[in-house]
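S.K.: If you read the sequences in order, they're chains P and A.
Mapped onto this note's numbering, the consecutive letters of the first sequence carry residue numbers 40 to 237.
Mapped onto this note's numbering, the consecutive letters of the second sequence carry residue numbers 40 to 237.
A hint or two may mislead.
Stated by the list, open to error - Here are the simulated DSS-like cross-link-like pairs (lysine-lysine), alpha carbons at most 30 Å apart as the crow flies:
{"hint": "1", "chain 1": "A", "residue 1": "Lys176", "chain 2": "A", "residue 2": "Lys161"}
{"hint": "2", "chain 1": "A", "residue 1": "Lys54", "chain 2": "P", "residue 2": "Lys47"}
{"hint": "3", "chain 1": "P", "residue 1": "Lys134", "chain 2": "A", "residue 2": "Lys54"}
{"hint": "4", "chain 1": "P", "residue 1": "Lys61", "chain 2": "A", "residue 2": "Lys229"}
{"hint": "5", "chain 1": "A", "residue 1": "Lys79", "chain 2": "P", "residue 2": "Lys89"}
{"hint": "6", "chain 1": "P", "residue 1": "Lys61", "chain 2": "A", "residue 2": "Lys89"}
{"hint": "7", "chain 1": "P", "residue 1": "Lys47", "chain 2": "A", "residue 2": "Lys161"}
{"hint": "8", "chain 1": "P", "residue 1": "Lys61", "chain 2": "A", "residue 2": "Lys161"}
{"hint": "9", "chain 1": "P", "residue 1": "Lys229", "chain 2": "A", "residue 2": "Lys89"}
{"hint": "10", "chain 1": "P", "residue 1": "Lys54", "chain 2": "A", "residue 2": "Lys119"}
{"hint": "11", "chain 1": "A", "residue 1": "Lys134", "chain 2": "P", "residue 2": "Lys54"}
{"hint": "12", "chain 1": "P", "residue 1": "Lys47", "chain 2": "A", "residue 2": "Lys205"}
{"hint": "13", "chain 1": "A", "residue 1": "Lys119", "chain 2": "P", "residue 2": "Lys43"}
{"hint": "14", "chain 1": "P", "residue 1": "Lys61", "chain 2": "A", "residue 2": "Lys54"}
{"hint": "15", "chain 1": "A", "residue 1": "Lys47", "chain 2": "P", "residue 2": "Lys161"}
{"hint": "16", "chain 1": "P", "residue 1": "Lys161", "chain 2": "A", "residue 2": "Lys43"}
{"hint": "17", "chain 1": "P", "residue 1": "Lys119", "chain 2": "P", "residue 2": "Lys167"}
{"hint": "18", "chain 1": "A", "residue 1": "Lys161", "chain 2": "P", "residue 2": "Lys43"}
{"hint": "19", "chain 1": "A", "residue 1": "Lys43", "chain 2": "P", "residue 2": "Lys117"}
Hints were generated in silico from the structure; no laboratory data involved.
These numbers were taken from a predicted model, which means no experiment stands behind them.
Protein chains: 2
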Amino acid sequence: MLPKSLQKLIDELSKLPGIGPKTAQRLSVYLLRSPHSRIKPLGDALLNLKDGLSFCEICWHVTETTPCSICGDPSRDKSKLCVVEDVLDVVAIEKTYQFKGVYHVLHGVLSPIDGVSADQLKLAELFKRIETNPEIKEIILATNPSLEGEATALYINKYLEGKSVKISRIARGLPMGSDLEYADIATLGKALTNRTDY
Amino acid sequence: MLPKSLQKLIDELSKLPGIGPKTAQRLSVYLLRSPHSRIKPLGDALLNLKDGLSFCEICWHVTETTPCSICGDPSRDKSKLCVVEDVLDVVAIEKTYQFKGVYHVLHGVLSPIDGVSADQLKLAELFKRIETNPEIKEIILATNPSLEGEATALYINKYLEGKSVKISRIARGLPMGSDLEYADIATLGKALTNRTDY
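Given the sequences, and given the hints that come with them, work out the whole structure.
M.R.: See below:
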């Protein structure tokens, strides 16, 4: 019922996570109505996405240079290593301007239900990095406060136990601007347990 | 913080309707992790989208041939003309196998609030088509049962009043499988007013 080139785009778009066949249809017809000058940059951006891109071999953040701009920055504090799940978590933390250390991107979390085990993450690389770099003094575990994120943090903590490196976990508590009344019990419990001196 | 090619893709994706900056980020990182063989078909599909595609000059459906496969099909009943808002509405109606007539795609609805007036739609083309094709006996107004869709149907009905052509509107009533108790008053009202003989 639809021309082949349109159907092809719908099929390709609906393969993306979170985009169902209806959304793919709507996006495709929207693009069809757009001028070619609007579509071309998107097509080019896709085809050129990986050009010159790689993962930093120190921290596994996505980068155009080796080492990446964070690992290669002499002003960053190499003694603090922040372990995150994802490339976008680095971006999120960088936006706070509260952290001047370096990162280690795991590229996932331990999740037996999704078939993700330790060897699919950059965990061996993390442990080797800590062992071979005695200047690393503190590991900040900044995986998500989700079931899998907590399990991964626990796993790393267990592995590094007894090593001469301080291990910390990002604070879990009430988000800024929130309301005690509407907080879930797990968050409120953590907020009480992890209360800070005033 | 992110490499240029990745940021470019995020920017381009977030220009699409219904895709915000966070979704664009997530999709881009997903694509970054995918092999090139996964990304290339999507990029190609985008760049080739308009190749050989045009709008049928009779019904304004998207097509690779002139006239389109529906208008050019001698088995279709040319006396019944179904007026729809959108290319995807043709697809939706075709999937029911309940309609063997031909279509007219308006490419939008009258919507003063969005600045869409009659001359931006294929309305003049519709009226001319009806005037110059005396074989058209019935116009089925199949615009959406929304405020704008109803207004557009009313507009077409007003214009064609007094012309020797039957005008009908798709039935509005309770959707199949629904529950009377949870129906909104507008729908239930329509369902009662438009009740059919049993």
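S.K.: Which hints from the list above does the structure break, by number from lowest to highest?
M.R.: 9, 10, 12
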